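Colleague: Read off the chains here:
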Amino acid sequence: MTKPLVSIVFLLAAALLAACSFSESSKSSSTSSGSISDSASSPSSSVPTSKDKQKSGYASDVRDYTAEFVKSSNTSIESFRGKLGKIASNYGVTQWDQDKSTYVAIGKGLRKAGLSKAEYESFKSILGESQAWKMESIEEGYK
Amino acid sequence: MGLKACLAVLMVTLIFLSDPSSAATHIQFVYLNASEDGAGGGHAALKMDDEVFHFEHVPPGLLKIKRDDFAHFRDQYLARENRTMEMHHVAVSEETKILLREHFNRVLLIEDEQFDRREALENDGRLLKALLQLSRHDAINHGKTNRLELKGAGFFLPDDWQFNASILSTQPEFSEPSIDRLRCLVIAEYGNNFLRSKIRETFSNLQTLKPVAYESFGNSLAEDRFQSSEYTFSKQYSDYMGILTALFVLQQGLPLREGLLVQSDREEFSLSEKERLIVVAYRNWLEGQLVRLVGQNHPDWGFALLLGMARLIVLEQSLVSGHWVMLNLQYAEGSKQGNPSNLTDATFKEYASSRARFSEAKSALMGAATPSEWDYLHLEKTTNQFIELGNALREGRAANLVGMKSLPSRPASIVLIPSALTSDELQTSLDRLEGFRSGYEENLTQLYSYNLLGRNCASEIFRIIGLAMREASKHKTSQPGQTFTDQTAEVESTARLGGYISGKGWEFIPFVSSLRVEDTWRIAFSEQVLSYRLQKLEQARQQEASFWLSWRESNVFSSEVYQWHGNDPAFVFFTDDLMLARPLAGGVNLLAGLAQGVSGILTMALDGGENLRLGVKGVMISLPELFFFNIRKGTFPGLVALEE
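Residue numbers (the working numbering), protein chains in the order written: chain L, 1 to 143; chain X, 1001 to 1644.
Hints should not be assumed to be uniformly reliable.
For each label pair, taking beta carbons as the anchor points, the in silico distance ranges come out as [unchecked claim]:
#1 X/L1277 / L/S56: 23 to 31 Å
#2 L/S60 / X/F1525: 24 to 32 Å
#3 X/S1169 / L/E129: 46 to 54 Å
#4 L/A132 / X/S1197: 24 to 32 Å
#5 L/S60 / X/A1545: 34 to 42 Å
#6 L/E129 / X/E1275: 50 to 58 Å
#7 X/F1525 / L/D52: 45 to 53 Å
#8 L/S60 / X/G1367: 22 to 30 Å
#9 X/H1475 / L/D52: 32 to 40 Å
#10 L/D52 / X/T1170: 28 to 36 Å
#11 X/S1197 / L/S130: 23 to 31 Å
#12 L/A132 / X/E1223: 51 to 59 Å
Calculated from the structure, these hints are not laboratory results. Note that the structure is a prediction, hence the values are computed from the model and not measured. Note that beta-carbon positions come from the ideal geometry of N, C-alpha and C, so glycine has one too.
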């Protein structure tokens, strides 16, 4: 009789002591209407408040995502753009596609991925959509 | 400095001197004490520079990595959740810090894609069900389910707005001059029929959009393999709805809805002649950006156009009124309406610094060689903060700064466009999706299941560090046939961190993990940062150390630091700064919890059981106080810190 009781007490104590924090988004999800939404429930990263740190944070997030994306087997350009839009939105930017810093960061990502010359040229043209200024910016980041 | 401390410093110095390429730096192991929101054993995190990586429990039983900016992390846990933080500064080489940062960030990238896909599949399911109802003319079940929450639509359109092609032939009573001007520029660039044909094309795309072949996704997941999430049915549908809505606004020249602007007639907000020129230059630049956006082949620019048009109107209003006018950020997406900040005592200081930030943001916009959205966004935020803090001071109330760090996104519920697919086709897609989803969910659960005693926020940090150590070891000694085990990780970790913690022992309990780190790793120093309430108490005691202050702040009725709010269960005494009297005060809190629970039974029909839930929670978190253990601290959900 005492053994199961001790086990229950032990488990309750462990449950009390070890439970971790819930995600902020999940706290509100119980009240969500389950409606269809065009945006993710909440970003998994919070960003700095100062403008300079935001710019450098944005550039490294684009770089890191690009480096992983180009090594991934599923490489749809719309998925790539969807994710860039999401990263940009997390930093408060909507005109990311016409921002030079986006393409410089993509170039850095291509460098980080360690691609062959041929692979690099191919991705430069796909991600830069064969537009001169975008491909030049990618080149600038890659160097 | 004692002999032991001198020896420790000497050892650390020798370790770094032995490898000339290694520059000494610190990473921090962070432990947060218990909170009433499901973290009875506390919470653990790893901080590297300004970034904090930690693992959170995601219902219904998954564990997911999160990366926070340290200021945000501190505001959330120390201020809003009112928890005290222990921080162990671990001496490591710069290379080890980079190794760990890269490893944790890669885990984040991989998990983000996997959880994004999970969310996208859920959205696909909801959309397919809604379209199926529409195709079956299931009027009873329509309700609000056949709506799409569309970012930016609320700038111009009310909830429940519905597009149909006949709307295009009606002219609005008033046409907004800024939008008319943009429309003229679009027509000049792309031709007279461009807008109407693009609207028709997008409408047709929405009707004929086909669900993706879920079988082609492949649902095998691995925690070390990055796989980008797909461009799913619901993402495509949302993108097209965004474009359709934005083009409709542009074509009709709709004005902004009421109550979306923030402005002040105060002198500091008036536009100087130089500032007027900057506003004109920025407006012209934005128009050019938006014209290019409309000509793009990708379908992801609906929100950018909606927000851009809203900002064009705002810029025009600034020129007309001669004062800075901005979109109101106060009720931006994700913020809670009417949840005032508690920073009353700091409002004067905040007001002064918000004035400085406003001037700085104006100078940045004016000094930039080319206009940039970054500069405008910064000015938009700082203007909002400066106006609200000024209003709060004049009206003698707490400032409401919730939402003022966000991008203005004002969503609205838009009625779905029915699909041209038959009910049978939609049902088949839904069945396929559900089949795929259940397999995917199962795989995700296998990889990331939250296990209270074996895999939680503390143990996962040590496991990931172990994997990073194995990886580093692999790169150093890549001999064929060599196996990389826990022993390999232990050797590497001892060299890099001063010791090894496997995460498989009692360190799954967060406060034990903090003790283990202190005993095992190479600690340069440790510090404690008090919770918000305890910091405020300490400040007050420096000015007025008295029995009355202690009594006043010991309970919720007379406390000036804490104000009870509906999210906290009812309680009377704070016990986080009491030790001997904790069981007694806990007994009173227990009674308060019981009283709330009993009254909750009576009010269940009115509040849906919320009061009863809070009462039960209050009892649960008061019980440990009877045994000298504190969980409850009271929370401050309205606290919003501004820029660092």
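Colleague: Is 23 to 31 Å a correct range for the gap between the Cβ atoms of X/S1197 and L/S130?
Modeller: Holds: the Cβ-Cβ distance is about 25 Å, inside 23 to 31 Å.
Colleague: Taking 51 to 59 Å as the hint, is the beta-carbon distance of L/A132 and X/E1223 inside that range?
Modeller: violated (40 Å)
Colleague: Do L/S60 and X/G1367 keep their Cβ atoms within the hinted range of 22 to 30 Å?
Modeller: holds (25 Å)
Colleague: Taking the Cβ atom of L/A132 and the Cβ atom of X/S1197, is their distance within the range 24 to 32 Å?
Modeller: holds (28 Å)
Colleague: Can you tell me whether the CB distance of X/H1475 to L/D52 sits inside 32 to 40 Å?
Modeller: About 33 Å separates the Cβ atoms of X/H1475 and L/D52, which means 32 to 40 Å holds.
Colleague: Could you say whether the range 45 to 53 Å given as a hint is met by the Cβ separation of X/F1525 and L/D52?
Modeller: violated (29 Å)
Colleague: Take the C-beta atom of X/L1277 and the C-beta atom of L/S56, compute their distance, and say whether it sits inside 23 to 31 Å.
Modeller: holds (30 Å)
Colleague: Looking only at beta-carbon atoms, does the pair X/S1169, L/E129 fall within the given range of 46 to 54 Å?
Modeller: violated (36 Å)
Colleague: Lying within 28 to 36 Å: is that true of the beta-carbon distance L/D52 to X/T1170?
Modeller: About 48 Å separates the Cβ atoms of L/D52 and X/T1170, which means 28 to 36 Å is violated.
Colleague: So does L/S60 sit 34 to 42 Å from X/A1545, Cβ to Cβ?
Modeller: Cβ of L/S60 to Cβ of X/A1545: about 47 Å, so the range 34 to 42 Å is violated.
Colleague: Could you check the hint for me, namely that L/E129 and X/E1275 are 50 to 58 Å apart, CB to CB?
Modeller: Once the Cβ atoms are compared, 36 Å apart, the range 50 to 58 Å for X/E1275 and L/E129 is violated.
Colleague: Just tell me: holds or violated, for the beta carbon distance of L/S60 and X/F1525 against 24 to 32 Å?
Modeller: holds (29 Å)
Violated hints, listed in ascending order, are 3, 5, 6, 7, 10 and 12; each of the other numbered hints is respected by the structure.
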